[in-house]
Amino acid sequence: MRAKRSSSDESKKSTLIMTILILMPLLAFFLSLCIGRYHIEAGRTASILFSAIAHIKQAGLELEQSIVLDIRLPRALLAMMVGAGLAVSGAAFQGLFGNPLVSPHILGVSSGAGFGAAMGILLSGHLAVVQLLALLFGILAVMATFMISRLKGSTQLFMLVLAGVIVGAFFQALISLIKYVADPQDKLPTIVYWLMGSLTGASFHDLLIAIPLIGAGIIIIFLLRWRINILSLDEDEARSMGINVQLTRWIVIAAATIITATSVSLCGIIGWVGLVIPHIGRMLVETDHRKLIPACISIGAFYLLLIDDIARTATAAEIPLSILTAVIGAPFFAYLLRKTGGKWS
Amino acid sequence: MKISVEQGSFGYPGSRTLFENLCFEVERGEILAILGPNGVGKTTLLKCMTCMLPWNRGAAYLDGQNIKYFDSVDIWRHLAYVPQVHASVFSYSVLDMVLMGRSAHINWFSMPGKNDRRVARNALESVGIGHLARRICSELSGGERQLVMIARALAAEPEIIILDEPESHLDFRNQLMILDILESISQQREISCIINTHYPEHALRISDKTLILGKECDYVVGETEEVISEDNLQKFFAVRTRLLSYTDRGVARKTVVAVAI
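Chains as they are written, first to last, in numbering that gives the first Met the number 0: chain A, 0 to 344; chain B, 0 to 260.
No lab work stands behind these hints, which were simulated from the structure alone.
All figures in this text were calculated on a predicted structure; none of them were measured in a lab.
Going by beta-carbon spacing under 8 Å, a handful of chain A positions derived as facing chain B: (1) Leu222; (2) Leu223; (3) Asn228; (4) Leu232; (5) Glu285; (6) Thr286; (7) Asp287.
Heads up, the beta-carbon is just placed ideally off N, CA and C, and yes, glycines get one too.
Work out the full structure, taking the sequences as your base and the hints as a guide.
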């Protein structure tokens, strides 16, 4: 009898958590459309959204319409995509490496992409060039990591991590070099600002890049989420479960790389999300990646939306995202860690 | 299903040969115990047999077919492997852990379904820990954790289970419990078991055949009763032993006692 009651309590609890996980990002999304330097009431925002969906032109609302639909909507959507993507890549990497201290940046993708962006800013300054170079070098960096770590046709995980550290350090040095030679009046501040991450100026054009690339990465990891459980076992143990460990691992890495490289190319390096959100996910649901990955999509989207809302409303000038993700995230995470005793289950 | 090794030889690159011209076979439903001093390559042998390491010469066969030519995923529909117990970083629930054993039967982008959960639950019941299904693995005792690993192997519905020292770190009672379970798996389901062990008396208790690996690439294999002799234990372990016979509830049994080194 007691066992029965506790299992129904458990399912009640998990339904509650699921409802919260679904509602939170939606509420934050709507809130993000309302708030800003120009405050728009919730009712008006709703009617603007509704008329946009129904293709109705409302007279007298042009300014607000343009703020909500052209500025805040793409920015909020991009924040959700990037937040969800980074959180999912982080969870996938932590599972794959069987190490809760890993973030999506471990294989050098962000340093590579950051270098690409910095070089783009230095050489041309044209947004499309910057984005393309960032994406390209992010992927190149992970390919270099792959090549360095591969011995006799297979890769040991510790080799992979070491190779990632090497590649990351190499591109970090190149970034420093570019900063050193960049014009301190004009180019240098742009590069520094970019490397700290920002969603300023997010447009529908950005979404056209983000939705297919980040979306594809998330979907691949989502579909493989049960297999990430198996990847988190010891190498030989995982093989003996009867899956192709190397191939599965590389598909997950490729998906996470696309997500992270795309994020950096669109909004710079945003730290912390990929490290911490998976932990918060594990505290809420379970280690089981079948539940953890969907939870990370929700929490990641919610978290970056919230951070970005603060970034654009807290002060007159926008605050770079990496500063906020850590300044707000670190104390919150410290609190959670102490409360749960750092249990990863 | 019969598993056999013919002229198996292996040594890690740049180090001494561990075994040479190893030949033995395990028939359906039989138990083979592998004994040998520390560092002689017992775990390595299991890895060679399951294609996790390549033989230098010779091969392992499943029903006469060279395992090397099996698809690397396909093998695991026939074999299951229970590694030495170690703590893992993330802890899954017992049921999730056992479900992982189903992966050789589940397609790339699929999840375990109703049938897989049923098989996993049956596997848990069959080793007597159905009530632990919802518990987290890291909260379990060593004996219970070992049972979870065996249940996971059973969930793969294999014909052969290979276990690396399944009872070494367990207490007196739990050791017997594991041995009894292995015995019943082999007798009732006709699943062959290959176990590495440090205990000759465990081999005497449950195994049909025994293989003892020596440090000089020598070995002896055969019926357990013949292989586990005072002479062989002296030769391979340099331990003076006495074989003792006793009767328990009408069953004549043998055990071995280490006397001196």
